[in-house]
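Participant: Numbering (the working numbering), first residue to last: 8 to 177.
Incorrect hints may have been included.
[Stated by the list, open to error] When the alpha-carbon atoms are kept at most 27 Å apart in a straight line, the in silico BS3-like pairs for lysine-lysine are as follows:
id	residue 1	residue 2
1	K107	K144
2	K118	K107
3	K116	K144
4	K118	K144
FYI, nobody ran anything at the bench for these hints, they're computed from the structure.
Since the structure is predicted, the reported quantities are computational estimates derived from the model, not experimental observations.
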Amino acid sequence: MEVFNFIIDSLNHLSPITLFISITLLTAGKSTIGISSLLPPASLMLLLIFSLCLPTYSPIFLWLAAGCGALLGSIMSYELGRFIYRFPRLEKRVSRYQSKINRLQQLLKSKTYCIVFISRFLAVLRYLTPFSAGLLKLPAYGIYITSAISALVWSALFVLIATGVLNITL
(Lines of atoms letter the chains of each structure in order from A; the text may use other names.)
(Lines give C-alpha, C1' and ligand atoms only; values in the text may rest on other atoms or scores of the structure.)
Protein backbone atom coordinates (compact mmCIF):
# COMPACT_ATOMS: atom_id res chain seq x y z
CA MET A 8 0.00 0.00 0.00
CA GLU A 9 2.91 2.28 0.72
CA VAL A 10 4.17 1.93 -2.88
CA PHE A 11 0.70 2.75 -4.22
CA ASN A 12 0.52 5.91 -2.09
CA PHE A 13 4.00 6.89 -3.31
CA ILE A 14 2.89 6.52 -6.95
CA ILE A 15 -0.24 8.62 -6.36
CA ASP A 16 1.78 11.29 -4.58
CA SER A 17 4.42 11.32 -7.34
CA LEU A 18 1.83 11.74 -10.11
CA ASN A 19 0.16 14.61 -8.31
CA HIS A 20 3.46 16.47 -7.96
CA LEU A 21 4.60 16.20 -11.57
CA SER A 22 4.63 19.34 -13.61
CA PRO A 23 1.98 19.33 -16.36
CA ILE A 24 4.58 19.20 -19.15
CA THR A 25 6.38 16.25 -17.50
CA LEU A 26 3.12 14.36 -17.14
CA PHE A 27 2.12 15.17 -20.73
CA ILE A 28 5.46 13.91 -22.07
CA SER A 29 5.34 10.80 -19.85
CA ILE A 30 1.84 9.82 -21.00
CA THR A 31 2.77 10.58 -24.61
CA LEU A 32 5.88 8.38 -24.44
CA LEU A 33 4.05 5.54 -22.68
CA THR A 34 1.24 5.45 -25.23
CA ALA A 35 3.74 5.81 -28.08
CA GLY A 36 5.57 2.80 -26.67
CA LYS A 37 2.35 0.79 -26.52
CA SER A 38 1.76 1.60 -30.20
CA THR A 39 5.25 0.71 -31.43
CA ILE A 40 6.44 -2.71 -32.54
CA GLY A 41 9.17 -4.09 -30.30
CA ILE A 42 8.53 -1.73 -27.38
CA SER A 43 4.94 -2.68 -26.67
CA SER A 44 5.74 -6.14 -25.33
CA LEU A 45 7.97 -4.64 -22.63
CA LEU A 46 5.17 -2.53 -21.11
CA PRO A 47 2.03 -3.57 -19.19
CA PRO A 48 -1.28 -3.69 -21.11
CA ALA A 49 -2.31 -0.27 -22.43
CA SER A 50 -5.82 -0.45 -21.04
CA LEU A 51 -4.71 -1.12 -17.47
CA MET A 52 -1.86 1.35 -17.62
CA LEU A 53 -3.92 4.23 -19.03
CA LEU A 54 -6.94 3.64 -16.80
CA LEU A 55 -4.72 3.61 -13.72
CA ILE A 56 -2.82 6.76 -14.73
CA PHE A 57 -6.00 8.59 -15.76
CA SER A 58 -7.84 7.61 -12.58
CA LEU A 59 -4.98 8.86 -10.45
CA CYS A 60 -4.51 12.10 -12.41
CA LEU A 61 -8.12 13.12 -13.00
CA PRO A 62 -8.63 14.91 -9.70
CA THR A 63 -5.70 17.19 -10.56
CA TYR A 64 -5.58 17.34 -14.36
CA SER A 65 -8.20 18.04 -16.99
CA PRO A 66 -9.64 15.09 -18.95
CA ILE A 67 -8.87 17.02 -22.17
CA PHE A 68 -5.22 17.31 -21.15
CA LEU A 69 -4.99 13.54 -20.56
CA TRP A 70 -6.90 12.81 -23.80
CA LEU A 71 -4.51 14.92 -25.87
CA ALA A 72 -1.43 13.40 -24.24
CA ALA A 73 -2.63 9.83 -24.90
CA GLY A 74 -3.83 10.70 -28.40
CA CYS A 75 -0.51 12.31 -29.35
CA GLY A 76 1.40 9.30 -28.03
CA ALA A 77 -0.82 6.83 -29.86
CA LEU A 78 -0.37 8.75 -33.12
CA LEU A 79 3.38 9.01 -32.58
CA GLY A 80 3.59 5.24 -32.03
CA SER A 81 1.60 4.53 -35.19
CA ILE A 82 3.82 6.86 -37.22
CA MET A 83 6.96 5.20 -35.85
CA SER A 84 5.60 1.72 -36.69
CA TYR A 85 4.60 2.85 -40.19
CA GLU A 86 7.99 4.42 -40.88
CA LEU A 87 9.80 1.38 -39.49
CA GLY A 88 7.81 -0.75 -41.94
CA ARG A 89 8.80 1.52 -44.83
CA PHE A 90 12.49 1.34 -43.98
CA ILE A 91 12.76 -2.26 -42.71
CA TYR A 92 14.38 -3.51 -45.88
CA ARG A 93 17.34 -1.20 -45.27
CA PHE A 94 18.09 -2.92 -41.95
CA PRO A 95 18.52 -6.71 -42.28
CA ARG A 96 18.77 -7.18 -38.48
CA LEU A 97 15.33 -5.66 -37.96
CA GLU A 98 13.86 -7.82 -40.69
CA LYS A 99 14.96 -10.92 -38.75
CA ARG A 100 13.44 -9.65 -35.48
CA VAL A 101 9.95 -9.20 -36.95
CA SER A 102 9.92 -12.63 -38.60
CA ARG A 103 8.04 -14.06 -35.58
CA TYR A 104 5.04 -11.93 -36.59
CA GLN A 105 5.24 -12.95 -40.26
CA SER A 106 1.95 -14.91 -40.43
CA LYS A 107 -0.02 -12.04 -38.86
CA ILE A 108 1.73 -9.53 -41.09
CA ASN A 109 0.85 -11.55 -44.21
CA ARG A 110 -2.85 -11.68 -43.23
CA LEU A 111 -2.88 -7.95 -42.44
CA GLN A 112 -1.26 -7.12 -45.76
CA GLN A 113 -4.01 -8.99 -47.62
CA LEU A 114 -6.67 -7.06 -45.72
CA LEU A 115 -4.85 -3.76 -46.09
CA LYS A 116 -4.75 -4.05 -49.85
CA SER A 117 -8.55 -4.07 -50.02
CA LYS A 118 -9.79 -2.10 -46.98
CA THR A 119 -6.85 0.04 -45.96
CA TYR A 120 -8.34 2.85 -43.89
CA CYS A 121 -11.03 0.78 -42.20
CA ILE A 122 -8.44 -1.77 -41.06
CA VAL A 123 -6.03 0.93 -39.84
CA PHE A 124 -8.82 2.56 -37.82
CA ILE A 125 -10.11 -0.68 -36.24
CA SER A 126 -6.64 -2.03 -35.49
CA ARG A 127 -6.06 0.76 -32.94
CA PHE A 128 -8.53 -1.01 -30.63
CA LEU A 129 -6.88 -4.46 -30.84
CA ALA A 130 -3.68 -4.98 -28.86
CA VAL A 131 -1.19 -6.66 -31.22
CA LEU A 132 -2.73 -5.16 -34.35
CA ARG A 133 -2.23 -1.68 -32.87
CA TYR A 134 1.38 -1.69 -34.03
CA LEU A 135 1.41 -4.47 -36.64
CA THR A 136 -1.10 -2.76 -38.93
CA PRO A 137 0.80 0.53 -39.38
CA PHE A 138 3.98 -1.53 -39.69
CA SER A 139 2.40 -3.65 -42.45
CA ALA A 140 1.08 -0.52 -44.17
CA GLY A 141 4.65 0.77 -44.19
CA LEU A 142 5.90 -2.53 -45.63
CA LEU A 143 3.37 -2.15 -48.43
CA LYS A 144 4.42 1.49 -48.84
CA LEU A 145 0.80 2.63 -48.69
CA PRO A 146 0.30 6.42 -48.91
CA ALA A 147 1.51 8.02 -45.69
CA TYR A 148 -1.01 10.87 -45.81
CA GLY A 149 -4.05 8.57 -45.57
CA ILE A 150 -2.42 6.31 -42.97
CA TYR A 151 -1.45 9.31 -40.80
CA ILE A 152 -4.92 10.89 -40.93
CA THR A 153 -6.66 7.58 -40.18
CA SER A 154 -4.20 6.88 -37.37
CA ALA A 155 -4.78 10.35 -35.89
CA ILE A 156 -8.56 9.91 -35.87
CA SER A 157 -8.38 6.42 -34.39
CA ALA A 158 -5.82 7.52 -31.77
CA LEU A 159 -8.06 10.36 -30.60
CA VAL A 160 -11.14 8.11 -30.43
CA TRP A 161 -9.14 5.39 -28.63
CA SER A 162 -7.75 7.79 -26.03
CA ALA A 163 -11.17 9.42 -25.58
CA LEU A 164 -12.64 6.04 -24.66
CA PHE A 165 -10.09 5.63 -21.88
CA VAL A 166 -10.76 9.11 -20.54
CA LEU A 167 -14.53 8.48 -20.61
CA ILE A 168 -14.08 5.20 -18.74
CA ALA A 169 -11.73 6.79 -16.17
CA THR A 170 -14.12 9.70 -15.54
CA GLY A 171 -17.05 7.31 -15.12
CA VAL A 172 -19.00 8.69 -18.08
CA LEU A 173 -18.71 5.33 -19.85
CA ASN A 174 -19.21 2.13 -17.90
CA ILE A 175 -17.97 -1.21 -19.16
CA THR A 176 -19.00 -4.33 -17.33
CA LEU A 177 -17.41 -7.67 -18.00
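Participant: Among the hints numbered above, which are violated by the structure, and what are their numbers in rising order?
Facilitator: none
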